[in-house]
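Enquirer: Sequence:
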Amino acid sequence: MEPESGLPRCYRHPDVETGIRCTRCEKPICPRCMVSASVGFQCPDCVRSGSGTGHAPDANQPRTLAGGRVASDGRFVTKILIAINLALFIAVQVAGDRLVDELSLIGYAYNPVLGEVVGVADGEWYRLVTSTVLHQEIPHFVFNMLGLWIIGGIVEPELGRIRYAVLCLLSGLSGSVLAFLFAAPNQPSLGASGVVFGLIGSWVVLARRRRYDMRPVILFTALSLLLTFTRPGISWEAHIGGLVGGALVTYGLVHAPRKRRALVQYTACGLVLLLDLGTVVARTAALT
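Using our numbering, the first residue of the sequence shown is number 333, and each one after it goes up by one.
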């Protein structure tokens, strides 16, 4: 409504003339309705539908150290990972060794059970990932799931769900790649240890970034490495690969400058992935 004075009336109070308009929708608003924004004033409707500053509705949501969204469930992705491991563990108990032979990590060897040559070097690259969620023995499964639950509960809330999922994937992959590189081609390995050690490496970086007391973190890491090199039947390659991969990825995630955060984070994760893929290609060429 345009009165004779030429001034519009507030869209919420038609009896009040005003010369102020919402900076977003340009509706006329009176002093009782206008809400201060970074530039000018906004109407109550635009404030409710946005952040009150002219940005997207989620612009003012709290963010994690790495820039991810803060979630109410700090172990959501961890629970999914444990569920995947549990499902495959049950499948192994039902199907037996044949499923293990088809999904475990092995470089390049003849498998008498399957009656064929198998391995990553034979084109079965999926083994680099499937082996990281595969377990055969109960103690091995329980130990790794406890590690996922405890350390994952520390790391996931600090990174956010998407970045945490990428961290777990690249940590497990890096552990498998190092095992593929240094272990005997006919030596099978399996388990989520690479992911768990990736979380340990991430925990070290996060504690350092937060300036926490590093003594408990260093002690835990040292004990984990001691068990790695003193217990028989442990794939030290997977542990070290996961540890280094997790630390590198997390460093890139939490130290990325705010103005170029996405670019630096994508680059850091991409470089770790390219290094893993390059190593696999080179090792495959050497074996075949």
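These aren't lab readings, by the way, just hints derived from the structure by calculation.
Computed from a prediction, not measured in an experiment: that's the story for all the values here.
A few of these clues could be false.
Now the in silico label distances, taken between C-beta atoms and shown as ranges [claimed, not checked]:
id : residue 1 : residue 2 : range
1  : 455       : 380       : 29 to 35 Å
2  : 550       : 471       : 23 to 29 Å
3  : 408       : 602       : 41 to 47 Å
4  : 448       : 599       : 38 to 44 Å
5  : 470       : 617       : 15 to 21 Å
6  : 412       : 590       : 25 to 31 Å
7  : 339       : 380       : 21 to 27 Å
8  : 470       : 395       : 35 to 41 Å
Note that CB positions come from ideal geometry on N, CA and C, so glycine has one too.
Enquirer: Decide, hint by hint, whether the structure agrees.
Expert: Hint-by-hint comparison with the structure:
1. Between residue 455 and residue 380 the CB atoms are about 56 Å apart, so this pair departs from the stated range of 29 to 35 Å.
2. Checked against the given bound of 23 to 29 Å, the beta carbons of residue 550 and residue 471, roughly 26 Å apart, stay inside it.
3. The hinted window of 41 to 47 Å between residue 408 and residue 602 is violated, with their beta carbons roughly 25 Å apart.
4. Here the CB-CB span from residue 448 to residue 599 is close to 40 Å, well matched to the stated 38 to 44 Å.
5. A C-beta distance of roughly 38 Å is found between residue 470 and residue 617, which places it outside the suggested range of 15 to 21 Å.
6. Taking 25 to 31 Å as the suggested C-beta distance range, the pair residue 412 and residue 590 conforms, at roughly 29 Å.
7. In this structure, residue 339 and residue 380 meet the distance hint of 21 to 27 Å, their C-beta atoms being roughly 26 Å apart.
8. Under the hint 35 to 41 Å, the C-beta atoms of residue 470 and residue 395, about 40 Å apart, fit the expected range.
Checked against the numbered hints above, the structure violates hints 1, 3, 5; every other hint is satisfied.
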